[in-house]
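So the chains spell out like this:
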Amino acid sequence: MAEEVTLSGHIQHHLTNAKMCTTDSGLAFNKACSDSGFWTWHIDTLAWSIGLGILFLWIFRRAANKATTGVPDKFQCFIEMVIDFVGDNVSKTFQGKSALIAPLALTIFVWVFLMNLMDLIPVDFLPALAGFVGETAFGMDSHDVYMKIVPTTDINLTAALAVGVFLLMIAYSIRIKGVGGFIKELTLHPFSTNNKLAMVFLIPCNLLLETIALVAKPFSLALRLFGNLYAGELIFILIGAVGLMQLPLHFVWAVFHILVIVLQAFVFMMLTIVYLSMASSDNH
Amino acid sequence: MEQLLTMPEAIKFIAVALLIGFGAIGTAIGFGNMGGKFLEACARQPELAPSLQVKMFILAGLIDAVAMIGVGIAMVLLFVL
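As you go down the protein sequences, you meet chains P and F in turn.
Quick note: the first sequence uses my numbering, first residue 1, plus one each step.
Quick note: the second sequence uses my numbering, first residue 1001, plus one each step.
Excised from the complex, chain P in its bound form (with noise of 0.2 Å):
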């Protein structure tokens, strides 16, 4: 039998991704993985993310596709409070004009709430049916089978998330103020003089400034949605470790959670289409 299970081992075991990875002797998972380097693959957070991305697409589709102009069943005024929420939310924040901005607003919330919604289901659960069916079906050891099913818990899937909504912050400024306004806005902002020479000081001090707060954008919104599901599952964890006082802790925990998830997904869209708004605006 494998070795003995101690409580760190155990919280390490969940704390673990699945891995997988090419190596010498083809795909490599997990263990094998160790000296991968970059091109590892989360493969149980690319799973759940994109399953979950299916199911969100699937239930707005077959919202829209039986969508009827008379008395809207509860299913559909469900939906439809969840896109005047986000709709709402995109008119009075965001300044500019674009098609795009309330679809992404309304994927942002709804995907990341899904995924943030994972964290709810109870963290032993998942994972032991995936070691029994690695038992059963592939003859593993179920220690050796690792899955997270919080995508929203792995760096990379909220860094992936920020750097798309970086990129389309600097989209947006070169397509409204055009390249060169955008590098103006980079180097003439805060500090600018109509003097040359002290203009040729400034302009770094303002680079400076202005780079640090462009890059601050994408980075805070990557960690603060993985510091805070990472520290909630954790916390699950360990209450799930203490052994029969769990239950009324779990209890007050999973509510207090309730609100994370819904709060921090909220706050994403929120800074998304702000960061946005600022971005294809042209006064400054």
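Please note that a few of the clues may not be correct.
To be verified - Restricting the straight-line Cα-Cα distance to at most 20 Å, the calculated cross-link-like pairs of lysine-lysine (PhoX-like) are:
id	chain 1	residue 1	chain 2	residue 2
1	P	K196	P	K184
2	F	K1055	P	K217
3	F	K1012	P	K92
4	P	K97	P	K177
5	P	K31	P	K19
Bear in mind the hints are in silico, worked out from the structure with no lab data behind them.
Small disclaimer: the values here were computed from a predicted structure and weren't measured.
Given chain P, put chain F in place with the hints provided.
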């Protein structure tokens, strides 16, 4: 005397404590201030309460951010590194 903890482990625990502790202080002061002003504003103009509440939640997400980043890094330090 036999060591219960090696020096790097001990420093790691202190680092985790500092990360989480300082984050908690800043967050608590920030939320206290913001919550207090929100309650005052609601008391003065109750009709603004819903819209102010939405803005308050946005601010809550932002104030929490760096503290949660610290907690995330502390957890990674404690359990993964």
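Cross-check of the supplied hints:
Proposed proximity of P/K196 and P/K184 is supported: the alpha carbons are some 15 Å apart, at most 20 Å. At roughly 19 Å between alpha-carbon atoms, F/K1055 and P/K217 fall within 20 Å of each other, so this suggested pair holds. For a cut-off of 20 Å, the pair hint linking F/K1012 to P/K92 is broken: about 46 Å separates their Cα positions. As the CA atoms of P/K97 and P/K177 are separated by approximately 14 Å, the hinted pair is consistent with the 20 Å bound.
Distance hint between P/K31 and P/K19 is fulfilled; the C-alpha atoms sit about 8 Å from each other, no more than 20 Å.
Hint violations for this structure: number 3 only, all remaining hints satisfied.
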